[in-house]
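*Asks:* The chain contents come next:
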Amino acid sequence: MAKVLVVTSGKGGVGKTTSTAALGAALAQSGQSVVVVDFDVGLRNLDLVMGAERRVVFDLINVVQGIAKLPQALIRDKRIETLWLLPASQTRDKDALTEEGVARVIKELRAKFDWVICDSPAGIERGATLAMRFADAAVIVTNPEVSSVRDSDRMIGLLDSKTEKAEKGQRIEKHILITRYDAARAARGEMLSIEDVLEILSTPLLGIIPESEEVLRASNLGSPVTLSNAASAPARAYLAAARRLKGEDVPMTIPNGKKGLLDKLFGRRAA
Amino acid sequence: MSIFGWFRRRSSAPVARERLQILLAHERGVRGQSDLLAILREEILAVIEKHVPIERDNVQIKMDRGDAVSTLEIDVEVPNSAGLLLSA
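Residue numbers (the numbering used here), protein chains in the order written: chain A, 43 to 313; chain B, 816 to 903.
Hints in this document: simulated from the structure, not taken from any laboratory. Every value quoted in this text rests on a predicted model; they were computed, and no experiment measured them. A portion of the hints provided could be inaccurate.
[As the list claims (entries may be wrong)] Derived contacts from chain A toward chain B, CB cut-off under 8 Å, selection only:
| id | residue |
| --- | --- |
| 1 | D178 |
| 2 | V188 |
| 3 | V191 |
| 4 | R192 |
| 5 | D195 |
| 6 | S235 |
| 7 | I236 |
| 8 | I242 |
| 9 | P246 |
| 10 | L258 |
| 11 | D291 |
[To be verified] Which chain A residues stay away from chain B? Per the calculated CB distances, all over 12 Å, these:
| id | residue |
| --- | --- |
| 12 | R96 |
| 13 | T124 |
| 14 | G143 |
| 15 | T171 |
| 16 | M233 |
| 17 | E241 |
| 18 | N271 |
| 19 | S274 |
| 20 | A282 |
For each residue, glycine too, the CB sits at the ideal point set by N, CA and C.
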């Protein structure tokens, strides 16, 4: 039974695309068939983060409008053969997406894959509402920072009212994924703690991704971080989060930044 | 930075938590229903405009959203020519 997952946040720059790529790759690494779908029409980036930017021929809009067939637009990952990408259009605008068209594409994807992961654009406009419209579950990417938490709260409200599942009176499964977490700053009381964020949003936690240079390195290379360096702290956190998505009971670990004596002494400078 | 400044910096997370809790309690309350204060503001201005030509730039609107009570304060500058009409 396929599961449609939306990765959303409201706020931009919190790590939706990075998380979509990493979770998608992590699920595919565990043998599941996965398609990651870019809903950020006009500002696509999932292709770049996945390292498939030079292989895009057709896109989501072409399929929605019936110009291309779905198999023509799907791009298979070169590293994991069960991982696929459906890119967004770079030239059209978000109004080219229609609800009926998206419904048809999602239905077709459900028949082909175990996981359909929709990378939502920032904001609450058409692209974002359509990305979540047919989802069974949502990953709300949140930074431990006031504007991100406020926007996450707003997205939770939209997920509970504007999705097809919510309108049918069913519950959409929601998970908080905390990204860019800096344990040292949280310990110093400079950053909202995990407990603060979860208490405010009253939504269960999927994982905690530490702030790490590995994430930037992965996007520089065009590779999900779980593939570029599977042993790194963010990759391990994403791999554990993917297992939790599959329903496995994986103990939550709070990644603590490597704190040598120098870091402890001069940690504030780095902050 | 003074030692007080340093202590103040240390404790910014609890301030963030408290501000969020207050803000979200309000935002969740109005979610789904239309923004009453915004509607009132527009309708009141429309009523005034029906009788007196006013410039939107000369209208001061203050909204204060509290826990129990919210206030809407509208300060409209009525041109003297209109005032003469009213007193005539």
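*Asks:* Which hints, by number, does the structure contradict?
*Replies:* Violated: hints 1, 7, 9, 10, 11, 16, 17.
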